[in-house]
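Please arrange chain B with the ligand on chain A, whose structure you already have, making use of the hints.
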Amino acid sequence: MFEDMVTARYYEERLQEEYLEGKQPAFDISAGPIPGELHLAAGHEAAAAGVCRHLRDDDTVTAPHRPHHVAIAKGVDLKRMTAEIFGRQTGLSGGKGGHMHLFDPDVNFACSGIIAEGCPPAVGAGLAAKKRNEDSVAVAVLGEGAISQGAFLESLNLAAVQELPVVFVVEDNDWAISMPKDRITDVDDGSLRAGGFDMPGVRVDYDDATAVYDAAKDAIGRARAGNGPTLLEVQVHRRMGHFMGDPQSYRPDEDTEAAQERDSIERLADDLREAGVEDDDVEAIRERAHDRVDEVIEWAKDQPEPDPEAAHEDVFVNPPSGVTTDEPTHELAGSDD
Amino acid sequence: MAQQESQAVERELTMSRAMVEAIAHEMRENDEVFYMGEDVADYGGIFDSTEGLREEFGYDRVMDVPISETAYIGAAVGAAQAGMRPIAELMFVDFFGVCMDQIYNQMAKNTYMSGGNVSVPMVLTTAVGGTYNDAGQHSQTLYGTFAHLPGMKVVVPSTAYDAKGLMHNAIRDDDPVVYMFHKRLMGIGWMPAPDGPKTPVPDEPYTIPFGSADVKREGSDVTVVTLGLHVHQALEAAETLAEDGIDAEVIDLRTLVPLDTETILESIGKTGRLVVVDEDYRSYGVTAEIVASAAEERLADLDAVERVAVPDVPLPYARPMEDEVIPDVEDIEAAVRAVEP
Ligand SMILES: Cc1ncc(C[n+]2csc(CCOP(=O)(O)OP(=O)(O)O)c2C)c(N)n1
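Chains as they are written, first to last, in our numbering: chain A, 1 to 337; chain B, 1001 to 1341.
What the hints contain is simulated information worked out from the structure, not anything from laboratory work.
Heads up, the beta-carbon is just placed ideally off N, CA and C, and yes, glycines get one too.
Heads up, a few of these hints could be off.
Claimed, not checked - Between beta-carbon pairs, the in silico distance windows are: (1) A:Pro252 with B:Gly1052: 18 to 28 angstroms; (2) A:Asp135 with B:Asp1174: 31 to 41 angstroms; (3) B:Glu1032 with A:Pro319: 48 to 58 angstroms; (4) B:Glu1012 with A:Pro319: 44 to 54 angstroms; (5) B:Gly1058 with A:Glu266: 33 to 43 angstroms; (6) A:Phe27 with B:Gly1052: 35 to 45 angstroms; (7) A:Ala258 with B:Glu1243: 53 to 63 angstroms.
Said to hold, decoys possible - Not the full set, but computed from the structure, chain A residues with beta-carbon under 10 angstroms of chain B: (8) Ser93; (9) Gly98; (10) Pro180; (11) Gly195; (12) Asp198.
The following block holds chain A by itself, in its conformation from the complex (with noise of 0.2 angstroms):
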């Protein structure tokens, strides 16, 4: 779990200088050699750690907009995943998904930045898990900001009637984008929505990845059994701005500073400490992680982009014959000639 979480932590700060290069001076979100819309997830760890230490390759995740973390702890091929996040050829899709859109089938992971729609792709690998007696489960992933969407109200609903193994996992970091969490909903306690389905909700309330990692592990066990669903929502805190860019100039400082101060990973080395682990072992992990991840990204650096035909591929697994291409048609109108 420590590794997982300092892994994916130092990830994102390797990420965000390499996404600062070249744009400035006005900041210019297409420029770089990151562009497009960078969601980073200093300060969820800890859920992402906790919850996929009981994951095995077969099992599926769904991911949000903010996937890293996640995709991390589930053990997505790094190397590919940093090249699709630099837009290149031996990214995860070529470069076609990029960052918001990650998918290993290897490992079952999928992401969508669209807000809560990882949800039902999520009850349908539990449901086919459940059609051919597999004991593999399925977890979702999504922000308490998501928990108004139909998506995932009907989600809990369809995966609670089926009892399939599907595990919610909320991410609560008190904002969506500008939004605090009081301005989209009457109810602190996001567990709570499982009730009205007849499913456990269980609330880890501080983002303590050793109660994360106690809580999906009964949530998990509970589906693998064959026992369904449970929604299991998780205090975390966002270290920064929504996304890479954002000035938060809605978000009072106190509560910016309250988050950096609640640091689940130094909090969790502090308990490994506390149990007796050796500092120097502390250290060797947080260096071991550090030095995949300067590999894994020079790596990335370095590979080709992608072929700008390749734009044209991949719409269909099988193709039909005559697709419509953009190759111009010349083609004269008219009877003037």
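Relative to chain A, chain B with the ligand alone:
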């Protein structure tokens, strides 16, 4: 006063400021106008579409809503049917999938299905467009989708001047209006706009009637019909082409529903050559519609036709691939040269 006014007409606004000015004016004039959306209050809209409105009108009239597009866009339909004039923002047009029933089966159809007894005077604002590598779920333009489905007027401004006049009209219109603004034209801090969209904008309110395309550049050799971001690209292409003695007329559609075919046909009568440029997908889209209308009405005048649009693939993330599929100035130039004898 007079001096102030002449100064005012000199002032240039970004497209987002011009939109907001129209909204603020209508909100001051009419208590029934209000704005709902995600991050529209304290953030001022991700694309500055509501910048400063909450400060003037408060949270009751500039409402942040839960991430639940079906609920709040549907609520705008309901409030509009109750006689209010809501503006609801769908942050990116790509998110329409989660709430299309409220848009298409309610907002757009209730007037017709009630035999004209119900009106839905609302505006749905939404951001469109790519060119910043945000991949398939955040870069679409989808002009065609909304214009294809009957029952909603569809507005696509390309300059600050147009944005203000069209917004006044949109809010005052008794029918549902979809107001699609291109991110790249808004003049937001983190996404540089080309020079074109920032124009002089008068202080006082004014309307631009729907269904009046604007000839943004007159020319005699070829008619380039386009909208949104690609108006500016077409104008740039036209300047280069002029150096080679090709005189292109550039028509900005400004609204897709209603569509001003008159202006297009008149231009074809003059040039005989038509290039249609669209940032939306090629098949079944704006380019097909314009070419078909031209063929129906003026087949005899048409010597040559070209379409420039996104091939039928979702928008890719990596820069070389996105550049490949989104039409640019060179693509427009090439298409114009291709219709030249
Ligand atoms: C259907 C839909 N609506 C709106 C958005 C825009 N959007 C992206 S992230 C976000 C906030 C999400 O908040 P939350 O679920 O709490 O996750 P967090 O970003 O805090 O991790 C919004 C509104 C979207 N991507 N999809």
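Hints the structure fails to honour: Checked against the structure, the hints that fail are numbers 2, 6, 11, 12, while the rest are satisfied.
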